[in-house]
Amino acid sequence: MKLNRKMLIIAKGVSVWWGIYLILGCCAGFAVRMMQTLFMPAKPLEIIVYAPYMCVCALILAVLTYFIGETAKKAPRRKLRRQLFAIMAEEGFSSNYTSKLFENARDDMKNVLYIEAACVYCMRGEYEAAEKTLEVVDMVSVTDIAQSTGDFRIVAYYYCVKMALRIIQKDADGAARAYDDGIYYLDAYEGNDIVMAVLSLYQTEAGLYNSAIDTVEKIKWKSLPRKLRKRYGKAFSNYVKACNLLNMGKYDDAVIYARMSLEAPCTEYIASEAEEIIKRAKSAKHSAVQNT
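All residue numbers for the sequence shown refer to the numbering used here, where the first residue is 1 and numbers rise by one.
A hint or two may mislead.
[To be verified] Pairwise CB distance ranges (calculated):
| hint | residue 1 | residue 2 | range |
| --- | --- | --- | --- |
| 1 | Ile183 | Ala11 | 44 to 52 Å |
| 2 | Ala264 | Gly19 | 43 to 51 Å |
| 3 | Arg226 | Cys26 | 45 to 53 Å |
| 4 | Glu135 | Ala51 | 50 to 58 Å |
| 5 | Cys26 | Gly125 | 52 to 60 Å |
| 6 | Asp173 | Met139 | 19 to 27 Å |
| 7 | Lys73 | Glu276 | 23 to 31 Å |
| 8 | Asp253 | Thr149 | 39 to 47 Å |
| 9 | Glu276 | Asn96 | 24 to 32 Å |
| 10 | Ala11 | Glu275 | 47 to 55 Å |
| 11 | Ala129 | Thr149 | 42 to 50 Å |
[As the list claims (entries may be wrong)] Computed cross-link-like contacts, DMTMM-like style, restricted to lysine to aspartate or glutamate with a CA-CA straight-line distance of at most 20 Å:
| hint | residue 1 | residue 2 |
| --- | --- | --- |
| 12 | Lys285 | Glu275 |
| 13 | Lys230 | Glu217 |
| 14 | Lys222 | Glu268 |
| 15 | Lys230 | Asp214 |
| 16 | Lys218 | Asp187 |
| 17 | Lys227 | Asp107 |
| 18 | Lys230 | Glu268 |
| 19 | Lys110 | Asp173 |
| 20 | Lys234 | Glu268 |
| 21 | Lys220 | Glu268 |
| 22 | Lys250 | Glu190 |
| 23 | Lys230 | Glu273 |
| 24 | Lys234 | Asp187 |
| 25 | Lys222 | Glu190 |
| 26 | Lys170 | Asp107 |
| 27 | Lys79 | Asp107 |
| 28 | Lys132 | Glu90 |
| 29 | Lys79 | Glu90 |
| 30 | Lys170 | Asp253 |
| 31 | Lys250 | Glu217 |
| 32 | Lys220 | Asp252 |
Honestly, the hints are just simulated from the structure, not real lab data. For glycine and all other residues, C-beta sits at the position ideal for the given N, C-alpha and C.
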């Protein structure tokens with residue numbers, strides 16, 4: 001996420017709490033003024049002195065409340081993420097992984113975990129399950145929260161998964177519509193791992209082969225633990241490169257990258273797709289040799 005967007009999100013969160021504390025401070029000041037007027041008429045509350053102190057104290061309390069609240073909110077998410085990474089390290093994106101997502105899909109984590117589950121289904125080639133899971137996402141709530149907080153990450157992920165689903169279904173028009181609908185949110189997270197990964201798939205489908213390779217090479221996979229970046233992040237990147245090299249007629253390179261992807265595929269679906277690339281590349285190369 002860009003620094004200016006992160007600062008905007010923090011500013012919006014702090015401003016909400018600042019407004020709350022200002023209202024409470026005004027109520028407290030009014031109460032104190034009334035009490036002093038009734039019982040201590042010689043020493044009324046001076047608003048000129050009280051207001052600046054109230055504003056500063058409200059701001060300090062707002063900042064503290066925001067960061068304490070965010071820390072408390074992220075604790076269960078971090079615990080879940082550690083559990084998911086442990087499953088991924090042992091089994092990849094298995095049924096246990098999706099089961100863990102659905103077990104925890106409640107309260108404010110519900111929509112984001114449904115979106116992640118749909119993403120996993122896409123990576124496993126389970127189109128119908130991905131479609132049904134996306135349908136239960138409450139996009140009104142997700143969009144409202146994004147607009148109020150300035151954090152568009154979940155909305156961007158939703159459109160990423162929708163694009164990915166349409167791409168693997170070979171629905172180019174549907175992928176284009178999803179991209180157009182979500183471009184505002186996708187642009188806000190243009191450097192995000194997931195956004196760039198799906199963008200590389202979209203560019204592949206659109207025939208922008210060199211652009212797709214350039215995009216996938218920029219992905220740092222910082223969203224994954226260090227030891228899983230090479231195992232799964234690089235495996236996906238190599239798969240995308242293999243797809244585009246095959247389409248560009250660079251058959252030997254396509255085979256090399258497809259085999260690199262097969263070293264640690266995160267799902268059987270991607271493994272089967274990589275194997276298909278190898279078969280197609282070898283067949284195309286054989287045909288080219290015969291025709292010369």
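Hint check:
Checked against the hint of 44 to 52 Å, the C-beta distance between isoleucine 183 and alanine 11 comes to roughly 24 Å, which is inconsistent with it. Our hint of 43 to 51 Å for alanine 264 and glycine 19 holds, since their Cβ atoms are close to 50 Å apart. At roughly 50 Å, the beta carbons of arginine 226 and cysteine 26 sit within the given window of 45 to 53 Å. For glutamate 135 and alanine 51, the Cβ-Cβ distance of about 51 Å falls inside the hinted range of 50 to 58 Å, so the restraint holds.
In this structure, cysteine 26 and glycine 125 meet the distance hint of 52 to 60 Å, their C-beta atoms being roughly 58 Å apart. The beta-carbon spacing between aspartate 173 and methionine 139, approximately 20 Å, falls within the hinted interval of 19 to 27 Å. Hint check: lysine 73 to glutamate 276, Cβ distance near 43 Å, so the stated range 23 to 31 Å is violated. A C-beta distance of roughly 44 Å is found between aspartate 253 and threonine 149, which places it inside the suggested range of 39 to 47 Å.
Against the hinted window of 24 to 32 Å, the Cβ-Cβ separation of glutamate 276 and asparagine 96 comes to about 27 Å, which satisfies the hint. Between alanine 11 and glutamate 275 the CB atoms are about 50 Å apart, so this pair conforms to the stated range of 47 to 55 Å. In this structure the supplied range 42 to 50 Å is violated for alanine 129 paired with threonine 149, their Cβ-Cβ distance being about 30 Å. For the hint pairing lysine 285 with glutamate 275, the CA-to-CA distance comes to about 15 Å; that is within 20 Å, so the pair holds.
Of the pairs offered as hints, the one joining lysine 230 and glutamate 217 holds, with about 13 Å between alpha carbons and a cut-off of 20 Å not exceeded. A threshold of 20 Å between alpha carbons decides the hint, and for lysine 222 with glutamate 268 the separation of about 24 Å lies outside it, so the pair is violated. Taking the CA atoms of lysine 230 and aspartate 214, the gap is near 18 Å; set against the 20 Å cutoff, the hint holds. With a C-alpha separation of about 16 Å, the suggested pairing of lysine 218 with aspartate 187 holds against the 20 Å cut-off.
Taken as a hint, the lysine 227 and aspartate 107 pair is broken in the structure, with Cα atoms around 31 Å apart against an allowance of 20 Å. Restraint check for lysine 230 and glutamate 268: satisfied, since their Cα atoms lie roughly 17 Å apart, inside the 20 Å limit. Of the supplied pair hints, the one linking lysine 110 and aspartate 173 is violated, its CA atoms being roughly 29 Å apart against a limit of 20 Å. Straight-line distance between C-alpha atoms of lysine 234 and glutamate 268 comes to about 16 Å, which keeps the hinted pair within the 20 Å bound.
Using a Cα cut-off of 20 Å, the hinted pair lysine 220 and glutamate 268 is violated, with the two alpha carbons roughly 23 Å apart. Between lysine 250 and glutamate 190, the direct Cα distance comes to roughly 29 Å. Violation of the 20 Å bound is thereby established for this hinted pair. As the CA atoms of lysine 230 and glutamate 273 are separated by approximately 19 Å, the hinted pair is consistent with the 20 Å bound. Between lysine 234 and aspartate 187 the CA atoms are separated by roughly 23 Å; this puts the pair beyond 20 Å, and the hint is violated.
This hinted pair checks out: lysine 222 and glutamate 190 have alpha carbons roughly 14 Å apart, not beyond 20 Å. Using a Cα cut-off of 20 Å, the hinted pair lysine 170 and aspartate 107 is violated, with the two alpha carbons roughly 34 Å apart. For the proposed pair lysine 79 and aspartate 107, the alpha carbon gap of about 16 Å is at most 20 Å, so the pair holds. Taking the CA atoms of lysine 132 and glutamate 90, the gap is about 27 Å. The hint is violated against a cut of 20 Å.
Distance hint between lysine 79 and glutamate 90 is fulfilled; the C-alpha atoms sit about 17 Å from each other, no more than 20 Å. Between lysine 170 and aspartate 253 the alpha-carbon distance is near 24 Å, which puts this suggested pair outside the 20 Å criterion. The hinted pair formed by lysine 250 and glutamate 217 meets the criterion: a straight-line CA distance of about 18 Å does not exceed 20 Å. Taking the CA atoms of lysine 220 and aspartate 252, the gap is about 26 Å. The hint is violated against a cut of 20 Å.
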